[in-house]
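These protein sequences, in sequence, are chains A and B.
According to our numbering, the first sequence is numbered sequentially starting from 1.
According to our numbering, the second sequence is numbered sequentially starting from 1.
Calculated from the structure, these hints are not laboratory results.
Be a bit skeptical, because a hint or two may be false.
Here are the simulated DSBU-like pairs of lysine-lysine, each with C-alpha atoms no more than 35 Å apart in a straight line [what the hints assert, rightly or not]:
1. B:Lys-117 / A:Lys-142
2. A:Lys-188 / B:Lys-62
3. B:Lys-62 / A:Lys-73
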Amino acid sequence: MSMNRRQFIKIAGLSTLFGVAGKGAFEFLSPGVLDAAEHGHGAQVPEEPAEKAIRWGMTIDVEKCGEPGVVDKCIKACHSTHNIPDFGNSKNQVKWLWQDDYEHTFAGNENSYMDDHVKELPFLCLCNHCDEPPCVRVCPTKATFKRSDGIVAMDYHRCIGCRFCMAACPYGSRSFNWFDPRNALNEKEYNMEFPTRMRGVVEKCNFCVERLAKNQLPACVEAAPEALAFGNLADPDSNVRQILRKRSSMRRKLELGTKPSVFYLV
Amino acid sequence: MYDAWKILVGLAIFLGLFTFAFWMNAVNAGSVGKAAPVPEPKIDTPEINRMAKDERKCVEDKQFMRTTHMQLINDWRDEALRENNREYINEKGVKYVISLQNTCMKCHSNKKEFCDKCHDYAGVSPYCWDCHIVPPEEPKEEPKGNEL
Numbered sequence: 001m002s003m004n005r006r007q008f009i010k011i012a013g014l015s016t017l018f019g020v021a022g023k024g025a026f027e028f029l030s031p032g033v034l035d036a037a038e039h040g041h042g043a044q045v046p047e048e049p050a051e052k053a054i055r056w057g058m059t060i061d062v063e064k065c066g067e068p069g070v071v072d073k074c075i076k077a078c079h080s081t082h083n084i085p086d087f088g089n090s091k092n093q094v095k096w097l098w099q100d101d102y103e104h105t106f107a108g109n110e111n112s113y114m115d116d117h118v119k120e121l122p123f124l125c126l127c128n129h130c131d132e133p134p135c136v137r138v139c140p141t142k143a144t145f146k147r148s149d150g151i152v153a154m155d156y157h158r159c160i161g162c163r164f165c166m167a168a169c170p171y172g173s174r175s176f177n178w179f180d181p182r183n184a185l186n187e188k189e190y191n192m193e194f195p196t197r198m199r200g201v202v203e204k205c206n207f208c209v210e211r212l213a214k215n216q217l218p219a220c221v222e223a224a225p226e227a228l229a230f231g232n233l234a235d236p237d238s239n240v241r242q243i244l245r246k247r248s249s250m251r252r253k254l255e256l257g258t259k260p261s262v263f264y265l266v
Numbered sequence: 001m002y003d004a005w006k007i008l009v010g011l012a013i014f015l016g017l018f019t020f021a022f023w024m025n026a027v028n029a030g031s032v033g034k035a036a037p038v039p040e041p042k043i044d045t046p047e048i049n050r051m052a053k054d055e056r057k058c059v060e061d062k063q064f065m066r067t068t069h070m071q072l073i074n075d076w077r078d079e080a081l082r083e084n085n086r087e088y089i090n091e092k093g094v095k096y097v098i099s100l101q102n103t104c105m106k107c108h109s110n111k112k113e114f115c116d117k118c119h120d121y122a123g124v125s126p127y128c129w130d131c132h133i134v135p136p137e138e139p140k141e142e143p144k145g146n147e148l
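Bound conformation, chain A alone (with noise of 0.2 Å):
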């Protein structure tokens, strides 16, 4: 077919024309059609049905914890529970639930001239399961994340044993297996419900979440619950936010902006 460039220009001004008038045209009869069309499914996204929040919490009573036994007994529910080996010495420690003084659990808070009884107070330490966790901010595979349960979680079959984790976490709730933590432990006293760790992973308290995904209180609130409790903090009407409503509390090194979910009620 030929064309001189009369019936060309005549064909390009036509088409151009169309365009135009068609797009307007759209515009014009249903606004907002083309717009939604361009960027996928546009503007009427329905909104997601908010579920029922819960975002756990505990609170420790920390004159409880005074009382003797008390801080030993939920240590040792903890350890048997989740094969927490002993290796004898606190460079290979690995620590879920621990027991440290005042000056380092809240280190920075110490007032001059404290009173010798909480100064030998023991304070039940663990994993704060922090509203920003840092150690989530710097996993390099994932391996640690944060639940919508507010749970702060480890999947060891993704952790690479960087340690990154163990540098951003302020409260020192991290233990890396230098060795097999099974080196450490009796095989007769396994927990056969829950696995242990292997050499190279970093490891920390999960809030019992295999328990609490069978109703059950973690082990440490259920060897103590005279000195522990754990419970919804979304819900104003919960156990925890009972408590915290009548007792003052601390939480761990506020300052740095983690938001701790775990209360020590003072």
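Starting from the known structure of chain A, fit chain B onto it as the hints suggest.
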């Protein structure tokens, strides 16, 4: 050809070393090219024996488990750990708790005779049991000889 004798001896030694794997195999297996026997994983654990014959069913059907158990277990891991969903509903609508240690290994408590058999044959070494605890296998009583 210069030094033909040296070259031929050298070639013979080279060929001998090059085919070493075949010679070793022949010595070990008794004949060249004999394939390792196809493994038959055992399912006669106490837990399975306790069930009635028609109740002896795995999470999914046998063929699916044989070919796809690794993917299923991978999915289970992510569901339980990351999605906090510890319930699995199979094709027939039966519910199972998602857990290697508490569901799989409860019935298949014979790791050596069940898991290892095929894994060894296929030359794979999954690291499941670096962390997950293998159920203790009850020591089988050795058949005693006649006592005087």
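Going down the list of hints, with the structure as the test:
1. Between B:Lys-117 and A:Lys-142, the direct Cα distance comes to roughly 34 Å. Compliance with the 35 Å bound is thereby established for this hinted pair.
2. For the suggested pair A:Lys-188 and B:Lys-62, the alpha carbons sit about 33 Å apart, so the restraint of at most 35 Å is met.
3. Taking the CA atoms of B:Lys-62 and A:Lys-73, the gap is near 46 Å; set against the 35 Å cutoff, the hint is violated.
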